[in-house]
Amino acid sequence: MKVAVTGMGIVSPIGQTVPDFWDALCNGISGIKEISRFSKDGFAFVRGGEIADFVPNHDFGAHAPISSAASFMMAAASQAIEDARLCEDCDANDVTGVVMSTNFGDTDAAEQLIASLAKHGAIDKHTLPRYLFQSMADRIADRWRLHGPRSVLSLSCSSGTAALGYGANLIRSGRAKVVITGGYDALSKFAWSGLSVLRTMTNGEIRPFDKRRDGTVFSEGAGSIVLEDYNHARARGSHIYAVLSGYGLNNNAHHMTAPSKNGAGSTDVMRMAIEDAGIAPSEIDHVNAHATGTKYNDITETQAIKAVLGKHAYEIPIAANKSEVGHMMGAAGIVEAIASVMSIVHGVVPPTINYGEPDPECDLDCVPNTKRAVPLRTVLSNSAGIGGCNAAIVLTASDTNTSEDRKEA
Amino acid sequence: MMKPNKRVAITGLGPVSAAGIGWNSFSPAILKNFSGISPITVFGTDQYRSHMAAHIPAFDIDEYLESQKAYLDRSSQLALAATALALEDADIDAHDLDLRTTALSLGSAVGSLETMTMFFQGFLEKGPRLVKPFLFQHTYSNTAISLIAIEYGLMCMHLNFASGFVASGHAITEAFDLIRSGRTKVAIAGGFDALSEALFAGLNASEFISPDTETGKEISAPFDEHRNGFILGEGACVLILEEFDHAIARGANIHAELVGCGMASSEDNRESRSSGASAGIFNAMNSAIQAGNTDVNNIDLVMASANGSKIQDFIEANALIRLFGDSSSSISVTSIKPLIGETLGAGSSFQIAASIAAIKAQSVPAIINLRTPEKGLQLGFVTDTPLNKNIRSVLTNSIDPGGSAVSFLVLSSQTTI
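Those protein sequence lines, which keep their order, are chains A and B. Each residue of the first sequence is one higher than the last, beginning at 3 in this note's numbering. Each residue of the second sequence is one higher than the last, beginning at 3 in this note's numbering.
Hints were generated in silico from the structure; no laboratory data involved. Owing to the predicted nature of the structure, the values given are computational and were not obtained by experimental measurement. Glycine included, each C-beta is placed from N, C-alpha and C at the ideal position.
If you only want the chain A side, here are some residues facing chain B, beta carbon under 8 Å, derived:
(1) Gly44
(2) Ala120
(3) Leu130
(4) Phe135
(5) Arg152
(6) Leu155
(7) Leu200
(8) Asn253
(9) Asn254
(10) Ala266
The following residues of chain A were derived to be distant from chain B, with all beta-carbon distances above 10 Å:
(11) Ala66
(12) Ala237
(13) Arg374
(14) Ala399
The whole structure should be built from the sequences, with the hints applied where relevant.
See below:
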């Protein structure tokens, strides 16, 4: 069963609608500055990508979110649902599912719970239920009266891409006709104090693939993509942006925080996705890389892309969206999938900004500093995260015949 | 579906529960109605309304691992032990698995909340520069599954569900779908959740759990007219799901066949009792039965989600009455939650294991604390003592108070439909 992308929504540090995000991304606008969401006192790293001037301009009534993380996700999902023209109460056959994904979930609730426990103080009765990651899927499903499967994946920074793969498989398995996928995370004291000790952050610019790169910068926000059974989308006259034709998920099976030396997990997950899409590696026209701007990720990922694509790797553009938006954690995979879809639709690859000094170990074409017009049909998008999690998806032009078509023929 | 679906065998069972660790301990305990619920001793409970839990006593993770670990959250310990037991039961050396056709799919409601609490309390007391760096990697929801992948070299399909009380249900359903579609041959699938004070305190405040009050005692009494909430349990239960022909070819011991899984949801699981039969659990059960190409007349037992909750037990009972129609008063219904507690994300996988115990022994554990069913809920509740009967197929449910429901149809390995 072919899976179509029929709606997209985003709340990012460089834009709070898909067109604004895409314009900013193509124009190389950075969303990174000093953070202000919580006191920087004592923190070694102070730069991040915040959602400034966030206006939750949707009336969610009884389903109104109370934390930043949930607010971002509701706003992104609302845009995607509107974009896909999924009407109110249109889920009459109980076939619309929800798949959310996050690293940290509603950290406000967790921090409240832990602080109350430390002080032996009273705990609000809503705190623990709010912290349960599943509550995000419930919030969205309840708001739009969706009665299909509702689930949440948490696979560190590969979460968003994993949610797209799992959401696609729910459609392939016949469990849903439409799946609202989402990825979200907010900056919080908990996450920041933990991420600061991982030795992956920089106080300078995030410079993927540049020889001077010295770390990543974390951001907050949410992305949402509506996946839909291709025939269902055609039958209701939906606009089909692209097709999600393959996915892979795995683990390096090496170490919780250290990268695997030869990038075997990253290589394997890309191959899983390409095989699942039923295409040859040479058919990949563009890679939207995980490209965090850390010393090791960018080398390992470059090696892995070369291992999978061979010489072809040098012939295609590689995008590093994190140079503009920062690392949106649980939202990163969906946000980068939105960028990948827009690249297919518009035939443009956004630039890798802050790029100045080439690194011989990262010698692929990362489209430095200026966007490039190039016709694209097939994009491979990578994500990875702590614990050794990897995820990859293949997105193709909306008129593509996929392996699923061939299986059904 | 146009493609022929593969069949799914269950060839390994790794339960780690308060009522027993390992299949040979868990199965007889469940069948004898042994309850693992006892007063909590691992932290003080004077300030809480409740004082009981199904806590696993005398558990030593070193018995299950090849090498000692410097630190593990309790949830990771339980999940690692359950995985080791399931692999051993299935007679599988994980290092020999074909990784491209293997899946690791687990779920939990709160993951590593205890370590997260320790880490953030360090931040609150000492500030960001003096937190314990090594703890942070043990705070993630995917910490346990990633440690399992590392332990066994499982560079394979890797899915971690954080979907509340139905988390292992989702993990198992996805493993089932991956096997049915031919992408996976062997899946390590299940769920886990550990007792911690943070979890207990949060649930205690939430009014989910049964309180010890002057007017009512703290008890897990599914479907009872006096039920007042659940008693928390901890544990992990991992299953080995295997493509049927793959299991036959390697001469595996097939415990049972998983023939159907249903997933659905509705907004009424936590609303007023007036909503009656919830569409979510009803649709999930129907979907599981349809996937098994059978009908309600061929179901011998329902392993209910019921945990003593005022609302969810009522909703489930009404959905069962609607589903079974004229035969609802005679359909055997049980719940193992008075034995192992409400194990949250591990619940679905424990119930599949308990269903297999009932099929193998041809005996149904009783709902031990059910004295008087709530008026109007007329089902064939198994009470007081285990019931011996012919059991070929079991329908087992899990309901999340937020609205999700899953249902599984488990069949005796000797049955064909």
